[in-house]
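Start from chain G and add chain P according to the hints.
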Amino acid sequence: EPEVTQTPSHQVTQMGQEVILRCVPISNHLYFYWYRQILGQKVEFLVSFYNNEISEKSEIFDDQFSVERPDGSNFTLKIRSTKLEDSAMYFCASSDLDRGSDTQYFGPGTRLTVL
Amino acid sequence: GQNIDQPTEMTATEGAIVQINCTYQTSGFNGLFWYQQHAGEAPTFLSYNVLDGLEEKGRFSSFLSRSKGYSYLLLKELQMKDSASYLCAVREGFQKLVFGTGTRLLVSP
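If you read the sequences in order, they're chains G and P. For the first sequence, the numbering used here gives the first residue as 1, with consecutive numbering after it. For the second sequence, the numbering used here gives the first residue as 1, with consecutive numbering after it.
For reference, chain G alone in the conformation it holds in the complex (with noise of 0.2 angstroms):
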């Protein structure tokens, strides 16, 4: 069955360092999206991406966020200057509401830490 695959599982970061958090969704779906989720709190709606363009997103998802699709396959998430508060697991997900299917299909997680 296709799944959405995430890299890497664990990223450690000084603070105000860089980091890239890649997903590679399930391959015919249409619409990407992320999701963070702190140690012991709820998933939080990040950002959703259509057609090579932000579709809507959270007021979490600030100027240090951004998002981008560079290939074919594989969809990114940058966080510019990494704050302690951002250390969570970061979902990638997607869905192919083209098709009539409403559901957002989850990767394993990124666990993000910042030091």
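Treat the hints with care, since some could be wrong.
[To be verified] Cut-off 30 angstroms, straight-line C-alpha distance, at most; resulting in silico cross-link-like pairs (DSS-like, lysine-lysine):
hint, chain 1, residue 1, chain 2, residue 2
1, G, 42, P, 76
2, P, 68, G, 57
3, P, 68, G, 42
4, P, 57, G, 42
None of these hints come from the bench; they were simulated from the model.
Just chain P now, kept in the frame of chain G:
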């Protein structure tokens, strides 16, 4: 504003039936999802309701009442592997999912 409420924790025994409730108040509504999340893992899709009524899928069923802002997830014939967090999520608008804090279910022998 957005408010999605679920009980924090529930316990049940193997073989039993458990119902996890979710109430919501959101600025938009375009469907309600239930996900299962084992500790340290990704949410996995369980069910989706957009119309009122019951959706059944094997041991799992989900119910929705849009007028009451209420849903429940029913798990039958509980197994030890069902110990996990169960997340209620409302789709606001076209895509954005708004999650509740989740209900941690502990299944004991």
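- Message: Next pair to validate is residue 57 (chain P) with residue 42 (chain G); report whether the Cα-Cα distance is within 30 angstroms.
- Response: Holds, at about 25 angstroms.
- Item | Pair hint outcome, residue 68 (chain P) versus residue 57 (chain G) [Cα-Cα no greater than 30 angstroms] | Holds: residue 68 (chain P) and residue 57 (chain G) sit about 28 angstroms apart, inside 30 angstroms.
- Query: Taking 30 angstroms as the top limit, are the C-alpha atoms of residue 42 (chain G) and residue 76 (chain P) close enough?
  - Reply: holds (25 angstroms)
- Query: For the pair supplied as a hint, residue 68 (chain P) and residue 42 (chain G), is the alpha-carbon distance within the 30 angstroms limit?
  - Reply: OK: residue 68 (chain P) and residue 42 (chain G) at ~23 angstroms, within 30 angstroms.
No hint from the list above goes unmet by this structure.
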